[in-house]
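What follows is each chain in one-letter form.
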Amino acid sequence: MEPHLQNLYEVLSKVDGYVYPNEIELNWSILIVLYPYITGLVAGAFILASLERIFKLHILKPTYGLALLTAFSFMLVATMPLISHLGKPLRAYEIMITPHSSSAMAIFGFVYLWYLMVVLLLEIWFDYRCDMIIWANETKGFKRFLYRALSLWTTDISPKAVALDNKIGYIITVIGVPSAFLLHGYVGFIFGSIKANPWWSTVLMPVIFLFSAMVSGIALVMFIYIILNKIRKISVDMACLDTIAKYLFYILIIDFTLEGLDQIHRIYEAEESFEVLHMLVFGRLFFTLFIMQGLFGTVIPLITLAILQFYKPKVQIRKIIYFIIATLILIGIFFMRWNVVIGGQLFSKSFYGYTSFKIGLIGAEGYLMAAVWIIVPFLILTFLLWLLPPWKKKEDEIQVI
Amino acid sequence: MPQHLKRLISFFAILLILFLIMRQVLIPKSFGQLGHYRADAISENQVRELHYAGSENCTKCHDSIHIEKDEGYHKQLKCEVCHGPGLKHTQYADKFKDGHLPDSLLLHKPIERKECALCHQKNAARTKILFDTIDNTMIVQIDAMKHKLLNKKTKEEQKCIKCHNPHQP
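In the order they appear, the protein sequences are chains A and B. Here the first sequence stands for residues 211 to 611, where the numbers follow this note's numbering. Here the second sequence stands for residues -19 to 149, where the numbers follow this note's numbering.
Derived by calculation from the structure, the hints in this document are not laboratory data. One thing to keep in mind: the hints can contain errors.
Said to hold, decoys possible - Taking lysine-lysine and the DSSO-like style, the derived pairs with C-alpha atoms no more than 30 Å apart in a straight line are:
hint, chain 1, residue 1, chain 2, residue 2
1, A, Lys224, B, Lys126
2, A, Lys559, B, Lys139
3, B, Lys139, B, Lys126
4, B, Lys89, B, Lys9
5, A, Lys266, A, Lys602
6, B, Lys(-14), A, Lys353
7, B, Lys89, A, Lys604
To be verified - A few chain B residues that don't get close to chain A, going by computed Cβ distances all over 10 Å:
hint, residue
8, Pro(-18)
9, Leu(-15)
10, His16
11, Gly52
12, Gln56
Just so you know, these numbers come straight off a predicted model, no measurement behind them. Glycine residues also receive a C-beta, built at the ideal position from the N, C-alpha and C atoms.
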């Protein structure tokens, strides 16, 4: 067979029906799936932290610092999948220095920067400033220097200064909640505003992304909290865990309802794209949508959490159940992002055919690259927990004095 | 104002000043002169090597073909669409009075069936063009698997140009 016919044969074996030539290969791969996933984890973890701070849910205190540090470490990595996908890291800054209001991504750069610098960094700084000064006096060498530098060489730990820190921290959290909504609403907006793609183009997209972000972020903090206590060999605060599970349950209901509403709306409207989407969800997306996202990521956690609201088994069993649910939700939300990003590219915009997608292990867009960007935030978090352990905070003692 | 707030505000002020300085350094000088892009990009593109001559230059020598083509369906089609870029050909061909051009100056003659099929093979994505008419021209589409003539002796497919004159199909 002639080489060009051989190539054509290979390409066409990926395709069902008719697709436009530029739709055969998927341009957005697993790294673009990771990007909304990681930003979602950030927004969700931050909102959990703000529950304690703004809504005075002091029962969540054990996870407050952890949730903040988790949000921060994932936030530092959030843009990395995009930068490694684009493959020109040295040009990454250009979006920030010459922004244009017509570019959603350019404006997102500022939303991101606002959230990272003004909300997360400042909140953590005000939260830990006093402790860093105390820790600097208790440690030596490089760690001492690090604490001094991070606290900007300030020394004031008078009750008045600490009270001011708390007050400013509170204000930042109040600003932070709409910022977190904005951050993840924006990620949804980027997809929802693409009117040429009927799988994405829905005004509900930012809201769905936001609530799924909260679900995944809360599940992540729950997951890390259980593991962390296992490593530290201390018992989990079950009252705290039960409360997190309760909020997870509420938000999961909203998330499930919103996604259901979106689908019902789609089915009822049955626009010209309906046929192709119908075949998509029962064909190429069946496993990731119905099994991974629907059954494992939503239905099983939802039913289990509902049962746990009325019936509470022993602490040890409950802990294991919470751990499994958190893991399932984290996987489920990952597949929700997958179904949006990959699903939106699997069908032809001619509505007459489908292409297929197979991901490799290695390469710039492979599983290993994606694994790197999932593991790096955990490494950053480990470092942050070593540097700023929330369980060693002494600020409360100062207030008592 | 407490000491630590002063420090924090100074820290952010330094970051902002650094950002503004970096911005001044990093933005190319010609950015924004003509619009939201680097104006120098235009002059940089202008100095790039040219490859296409334009149909007018072909007509200077091949005027008979131009007249022929001008009466047929291919009159909208520019010469270099089928024959490839011909700037060097137009610049140097007249230096060879005997008509024997070196290979580097020869242009492509698309005589194979697959070359006609590039535009004329029936294609679902192109059906719309079939019904669009621009100056009363349209791209006729055929199914190359069916629309063919076999050589009576060798049973091989005849080339399209056996029946269709490409300059006046």
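Going down the list of hints, with the structure as the test:
1. A/Lys224 <-> B/Lys126: With a Cα-Cα distance of about 26 Å, the restraint between A/Lys224 and B/Lys126 holds, given a limit of 30 Å.
2. A/Lys559 <-> B/Lys139: 36 Å, violated
3. B/Lys139 <-> B/Lys126: Roughly 13 Å between the alpha carbons, so the hint for B/Lys139 and B/Lys126 holds.
4. B/Lys89 <-> B/Lys9: Distance ~46 Å between B/Lys89 and B/Lys9 Cα, so the pair is violated.
5. A/Lys266 <-> A/Lys602: 21 Å, holds
6. B/Lys(-14) <-> A/Lys353: At roughly 24 Å apart (the allowed maximum being 30 Å), A/Lys353 and B/Lys(-14) satisfy the hint.
7. B/Lys89 <-> A/Lys604: With Cα atoms ~84 Å apart, B/Lys89 and A/Lys604 exceed 30 Å; violated.
8. Pro(-18): 6 Å, violated
9. Leu(-15): 8 Å, violated
10. His16: Not fine: 5 Å to the nearest Cβ puts B/His16 too close to chain A.
11. Gly52: 29 Å, holds
12. Gln56: B/Gln56 is indeed farther than 10 Å from all Cβ atoms of chain A, at 24 Å.
The structure shown violates the earlier hints numbered 2, 4, 7, 8, 9, 10.
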